[in-house]
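Colleague: Okay, here's what each chain looks like letter by letter:
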Amino acid sequence: MSGIDAERITRVLGADTAAAAAEASARLVERADREGLAEIGYATLETPLGVAVLAATRRGLVRVALPNERLEQVLEDLAAEVSPRIVELPQRLDPARRELDQYFEGRREHFDLALDWRLIEAGFSGRVLRQTARLPYGVTASYGEIAQRAGNPRAYRAAGSALGRNPIPIVVPCHRVLLSGGKLGNYGGGPEMKEWLLRLEGAID
Amino acid sequence: MSRPEITADPVPFQRFLDQHRAPVLSFLRAAVGPSDADDCFQETFIAALRAYHRMDGRHPRAWVMTIARRKAIDHHRARARRPEPRAEFDDLGVTDEHPDGEVWAAVGRLSEAQRAAVALRYAAGLSHREIGATLGCSEAAARRRVADGLSALRQTIDREELTA
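Protein chains in written order, with the working numbering: chain A, 1 to 205; chain B, 1 to 164.
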């Protein structure tokens, strides 16, 4: 029989467990969800414009990160702003992924998703985003018009900055808010994406 | 939702799980045997998730290993209370196909403290400093405990070879 030394112990006890641990942690995440411990679940979504990140609490969709955002940064911000109890939980995002897939294929004009508005500030910013959420598919408004509907017609700059911080873009369609005179203006996902979305909706030629 | 108190930069739990799952599973395989390691793994990370707001951000690995060790101890106590305790490592006995069965069997015969030190070092691959943080002792004491565990392991195997 061979003797025993640290090298042999390491070889036997230290056998690679990466694959088994990945399976065990997938079961762990499902159990965490059943026990109500998964405060935030996230999943990625392939879109024609790149990979987006979706995150939901038990209340509903709390964050849509467009393809120009980094997954790690999105998760770290959610950990700081909502809760670090974040797990990869695609099944929680299934309804959102399905509806967004249909939207990107031009087969859906509005979303039937529960939203969690906790990342949206109270006050004027919140009113701007709630007014924006009411803009129908393919219909645009100017920053000034949205500011007016939110109760302060002169605060179009503040409206622009509230839209720039929209945590749930596409579903809260800030891409439908344009500069007066028809210029598209800024967009969190980049100006090309804004143009792409407006073209998808037939709002521009 | 009330926001729990965070004592360090809050790492998203999924990343914490990704970083520690393989060494925790390796530790538990050595601590309770491969067939029960998965149950203890689930208990460990559920407990970690529940207590995540109290996580020591400076020593995350030692923190989760402390929980894993506690779950391994709970597991052994629950087994000891059963009418016919089954030696969890014996089904891994030495056979021609499993020449390493003698190592597993010998690990199963160590005291809990020695097994924990050996498992943290050789299964989970922790440094002596991390082992000290896990066991609540100094780095030097951790080094001694690992060395003691290794020599106990050697004696067990030598003894079995003599009687074989």
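Worth double-checking, as some hints may not be accurate.
[Unchecked claim] These stretches of chain B come out as covered by chain A in the derived footprint (C-beta under 8 Å, 3 or more residues):
#1 48 to 59
#2 65 to 78
[To be verified] With the Cβ distance kept under 7 Å, some of the chain A side facing chain B (calculated, not the full set):
#3 THR10
#4 GLY14
#5 SER25
#6 ALA26
#7 LEU45
#8 LEU49
#9 LEU75
#10 ILE86
#11 GLU88
#12 PRO90
#13 GLN102
To be clear, the hints were calculated from the coordinates, so they are not data collected in a lab. The C-beta atom is built at its ideal place from N, Cα and C for all residues, glycine as well.
Colleague: For each hint, tell me whether it holds in the structure or not.
Modeller: Going through the hints against the structure:
no., hint, in the structure
1, 48 to 59, "holds (count 4)"
2, 65 to 78, "violated (count 0)"
3, THR10, "holds (5 Å)"
4, GLY14, "holds (6 Å)"
5, SER25, "holds (5 Å)"
6, ALA26, "violated (10 Å)"
7, LEU45, "violated (17 Å)"
8, LEU49, "violated (24 Å)"
9, LEU75, "holds (4 Å)"
10, ILE86, "holds (4 Å)"
11, GLU88, "holds (5 Å)"
12, PRO90, "violated (12 Å)"
13, GLN102, "violated (27 Å)"
Violated hints for the displayed structure, listed by number in ascending order: 2, 6, 7, 8, 12 and 13.
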